[in-house]
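Peer 1: Using the hints provided, position chain H relative to the given structure of chain P.
Chain residues, written in single-letter form:
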Amino acid sequence: MNYKFDFTPVIDGLPALLLGCLGTLWLALSGMALAIIIGIGGVILRDSRVKLLRWLVIGFVELIRNTPFLVQIYFIFFALPLAGVRLDPTPTAIIALGVNGGAYAIEIIRGGVQSINKGQVEAGLALGLHKLSVFRFIVLKPALRAVFPSLASQFVLLTLTTSIASAVSAYELTSVAKRIESDSFRSFEVYGVVTLMYLVMAWIVMNVLNFISSRYISYPAK
Amino acid sequence: MGEGELLFLLKGFKWTVVLAAVSFLCGTVTGLAIALLRTSGYRAVERTTAAYIALFQGTPLLMQLFVVYYALALYGLEIDAWIAVAIGFTLHASAYLGEIWRGSIEAVPRGQVEAAKALSLHYFWRMKDIVLPQALRISLPATIGFLVQLIKGTSLAAFVGFTELTRAGTMVSNQIFKPLLVFGIVGMMYFALCWPLSFFGSRLESKFAAATR
Numbered sequence: 001m002n003y004k005f006d007f008t009p010v011i012d013g014l015p016a017l018l019l020g021c022l023g024t025l026w027l028a029l030s031g032m033a034l035a036i037i038i039g040i041g042g043v044i045l046r047d048s049r050v051k052l053l054r055w056l057v058i059g060f061v062e063l064i065r066n067t068p069f070l071v072q073i074y075f076i077f078f079a080l081p082l083a084g085v086r087l088d089p090t091p092t093a094i095i096a097l098g099v100n101g102g103a104y105a106i107e108i109i110r111g112g113v114q115s116i117n118k119g120q121v122e123a124g125l126a127l128g129l130h131k132l133s134v135f136r137f138i139v140l141k142p143a144l145r146a147v148f149p150s151l152a153s154q155f156v157l158l159t160l161t162t163s164i165a166s167a168v169s170a171y172e173l174t175s176v177a178k179r180i181e182s183d184s185f186r187s188f189e190v191y192g193v194v195t196l197m198y199l200v201m202a203w204i205v206m207n208v209l210n211f212i213s214s215r216y217i218s219y220p221a222k
Numbered sequence: 001m002g003e004g005e006l007l008f009l010l011k012g013f014k015w016t017v018v019l020a021a022v023s024f025l026c027g028t029v030t031g032l033a034i035a036l037l038r039t040s041g042y043r044a045v046e047r048t049t050a051a052y053i054a055l056f057q058g059t060p061l062l063m064q065l066f067v068v069y070y071a072l073a074l075y076g077l078e079i080d081a082w083i084a085v086a087i088g089f090t091l092h093a094s095a096y097l098g099e100i101w102r103g104s105i106e107a108v109p110r111g112q113v114e115a116a117k118a119l120s121l122h123y124f125w126r127m128k129d130i131v132l133p134q135a136l137r138i139s140l141p142a143t144i145g146f147l148v149q150l151i152k153g154t155s156l157a158a159f160v161g162f163t164e165l166t167r168a169g170t171m172v173s174n175q176i177f178k179p180l181l182v183f184g185i186v187g188m189m190y191f192a193l194c195w196p197l198s199f200f201g202s203r204l205e206s207k208f209a210a211a212t213r
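Chains as they are written, first to last, in this note's numbering: chain P, 1 to 222; chain H, 1 to 213.
Hint data in this document are derived by calculation from the structure and do not stem from the laboratory. Glycine included, C-beta positions come from ideal geometry on N, C-alpha and C. One or more of the hints may lead you astray.
Which residues of chain H face chain P? A few of them, derived with a C-beta cut under 8 Å, are [to be verified]:
(1) 137
(2) 142
(3) 155
(4) 166
(5) 183
So here's chain P without its partners, still in its complex pose (with noise of 0.2 Å):
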């Protein structure tokens, strides 16, 4: 192998790749979000008496997680426009990754949902607690404490999945990078690094979830 390795295009386009990985995070952040309100609006409706609105959420979650993310979004790039609303390419970008995160999120949630006893929930309302308040504290909140390094896990994986957005020209990393190869040929050297940052994003937002979890939603420390 005779090729010189060549960083330079890599450390001249550094403040655009850091401005790309900010756009990355902000658009794992929101998607996140998303997911998190489909994903509880969505066990509420999964649980909802109205056969028609069960049928819909699990239609909708079968659906998202047995069809290629990349698909998902062509699909609502286009959509979204015949629909009469013209949004640009992040936020477009942000509503796709709530909603696959968001039918991923009602499965998990679900499984967390189940698994508080019935007795529990009897207690609270028997003790004049409003319904609300039974489903926040009573079930919601333990059902996120059980599930919470699954759906931590599906959140890693929506912040990698953002690379994909850059199918619809997103504004995130791997667009900027995209930009500085085809400036600069200089592909293995500047996904290479890309990939590093990635790993590293991955990473802070693993502990930005665990510090949330330690924070809100475990017991406190004894």
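Peer 2: Chain H in isolation, oriented as in the chain P frame:
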């Protein structure tokens, strides 16, 4: 959308299946090796394989494909795009399957290994006849889950210009300007492939859960 376009999509579908099958089979062999090294008991070996797994689980599949694709080009290897992509997916699969199977090997009750050792079974026979058959059973739902993930992942081969189902869809949609119809059909094709597997996987999971309760 005419017959020609549909046939083109079906051709893409065929390549998606081929790519997933080849990557999964090669990934099975390498993944098994990774799992065995990861549980070998040699600290340095275990750490190295753990780092290998962490590297693949902590980076996007798309980047892995790019790096492998361009690394092969650096060595001046003149190979088909699809082989380069298949190598990328194989490495990816080996890390994930290695981690899944490490978990299942460790989940086999300790007494089984101890009994095999007490009978002075050699490592090879201990693994082949005692540990791995039980681990396989434990790992089956997660393995099927990963197969589904891999099939969906093959859509990323479109980024490096390999014409599988998703790229075929992009090309057709650029031609006939009906993106929703085309990606709807493409999505349905993936669904037809993945959903039965997912269903089978979750059935197995609940069956095993009931058996061990």
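Peer 1: All hints are to be evaluated individually against the structure, with a verdict given for each.
Peer 2: How the hints compare with the structure:
| no. | hint | verdict |
| --- | --- | --- |
| 1 | 137 | 22 Å, violated |
| 2 | 142 | 12 Å, violated |
| 3 | 155 | 4 Å, holds |
| 4 | 166 | 5 Å, holds |
| 5 | 183 | 5 Å, holds |
Of the numbered hints given earlier, the model fails hints 1 and 2; all others are met.
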